[in-house]
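Residue numbers (this note's numbering), protein chains in the order written: chain R, 1 to 124; chain Y, 1 to 148.
Hints in this document: simulated from the structure, not taken from any laboratory.
Accuracy of the hints is not assured; some may be wrong.
Listing some non-contacts, in silico: residues in chain Y with all C-beta distances to chain R over 10 Å [claimed, not checked]:
#, residue
1, Glu81
2, Ile88
3, Lys90
4, Ala110
5, Gln113
6, Leu132
Computed Cβ-Cβ distance ranges for the label pairs, DEER-style [as the list claims (entries may be wrong)]:
#, chain 1, residue 1, chain 2, residue 2, range
7, R, Lys27, Y, Glu130, 14 to 24 Å
8, R, Thr124, Y, Gln113, 35 to 45 Å
9, Y, Asn78, R, Leu38, 25 to 35 Å
10, R, Asn107, Y, Glu81, 26 to 36 Å
11, Y, Asn59, R, Gly25, 28 to 38 Å
12, R, Leu38, Y, Ile35, 15 to 25 Å
13, Y, Ser85, R, Glu39, 25 to 35 Å
None of these values were measured; they are calculated from a predicted model.
Just so you know, even glycine gets a beta-carbon here, dropped at the ideal spot from N, CA and C.
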Amino acid sequence: MENNESQKSMQNACDFSYLSEMMGGKKNLMLGIMDAFLEQIPEELGSINDAVTNTNYPKIKNVAHTMKSTVSIMGIYSLEPILKEMEALGASIGDIEKIRTLNLELNLICKKAIEEVEKEKLNT
Amino acid sequence: MFSNFFKIIIPKTKIIFIVEDNELYAKSLNTFIKIRFPKIKEIKNFRIGEMCLMEMHRNPRIVIMDYFLNSKYEEANNGLEIIKSIKILKPKTDIIVLSIQQNFNIIAEAVKQYGCSYVHKDQWAFNKVEHLIKENFNHPTSGFEPRA
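Chain R with its partners taken away, still in its complex shape:
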């Protein structure tokens, strides 16, 4: 169990192969998209954190929905089920404690993703 957890934390949050393929491997274009991601994702995280703090269900639903598109570009597949569940819970005015737990996970994975994108930028 512990091994699984440590393996999970060792895994990369981002899969840049999708971005690379879509941008035809052109590094300058990939950098432009990475910069846009680094600008947009903190804003979205701020919005969803505010929404969770204020138990604003419609906003949780809407921001989670938008973030699904954002994370898909960087191949952050581990966030898809988390955002999907947050969106559904936001739509159904569901369990706020469950939303808070999911939001913690969302923040952790996004933080890791941001670090990876910054690192990837240096290698690109």
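Place chain Y on chain R using the hints.
Relative to chain R, chain Y alone:
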């Protein structure tokens, strides 16, 4: 040599509009289309459908739009309202509807009623859009002239 001559004088006339409130997604899709279709004259992004409607007089060949356009801008019309307006203004415009919604079958059925193509926002979405653009450009009724 003769063909090169014509390549130079044929103007780029194809215009594509992208209506997407997620700026990162719109920018990525815009860049992707530019790479795959370098001869397109212009690919313009709009954050809300209403802005796109104001420029429909420019006769875009294709409008690619997200279905849920009011997730960020609450007062914006949703995709279906925009589709109806586009079809009234420019009935021949091809519309590709994108969505990441789970119940995508319902949306797909809704947009097909208006003759739109539907693409689910998954990892193959950009390639599917590329295929649909190619189909549009290769269509026998398509020419270099913008359609009314």
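**Report entry** Status of the given 15 to 25 Å range, CB of Ile35 (chain Y) versus CB of Leu38 (chain R)
**Finding:** The hinted range 15 to 25 Å holds for Leu38 (chain R) and Ile35 (chain Y), with Cβ atoms some 22 Å apart.
Query raised in the report: Regarding the assertion that Ile88 (chain Y) does not contact chain R, is the least Cβ-Cβ distance greater than 10 Å?
Result: holds (28 Å)
Query raised in the report: Is Leu132 (chain Y) truly not at the interface, in the sense that its beta carbon sits beyond 10 Å from all beta carbons of chain R?
Result: holds (16 Å)
Query raised in the report: Does Lys90 (chain Y) sit more than 10 Å from chain R, CB to CB?
Result: Holds, because the least Cβ-Cβ distance between Lys90 (chain Y) and chain R comes to about 26 Å, which exceeds 10 Å.
Requested in this report: Check the non-interface label on Ala110 (chain Y): least C-beta distance to chain R beyond 10 Å or not.
Outcome: holds (17 Å)
Report task. Quick one: work out the minimum CB distance from Glu81 (chain Y) to chain R and report holds if it exceeds 10 Å, violated otherwise. Result -> holds (17 Å)
Query raised in the report: Taking the CB of Asn59 (chain Y) and the CB of Gly25 (chain R), does the distance hold inside 28 to 38 Å?
Result: For Gly25 (chain R) against Asn59 (chain Y), whose Cβ atoms are near 34 Å apart, the range 28 to 38 Å holds.
Query raised in the report: Range hint 35 to 45 Å: satisfied by the CB atoms of Thr124 (chain R) and Gln113 (chain Y)?
Result: holds (44 Å)
Query raised in the report: Per the hint of 26 to 36 Å, is the separation of the Cβ atoms of Asn107 (chain R) and Glu81 (chain Y) within bounds?
Result: holds (34 Å)
Requested in this report: With respect to the beta-carbon atoms only, verify the hint that Asn78 (chain Y) and Leu38 (chain R) lie 25 to 35 Å apart.
Outcome: holds (29 Å)
**Report entry** Interface-negative label, Gln113 (chain Y) against chain R, beta-carbon threshold 10 Å
**Finding:** holds (23 Å)
Query raised in the report: Okay, Lys27 (chain R) versus Glu130 (chain Y) on CB: inside 14 to 24 Å?
Result: holds (21 Å)
Of the numbered hints stated above, none is contradicted by the structure.
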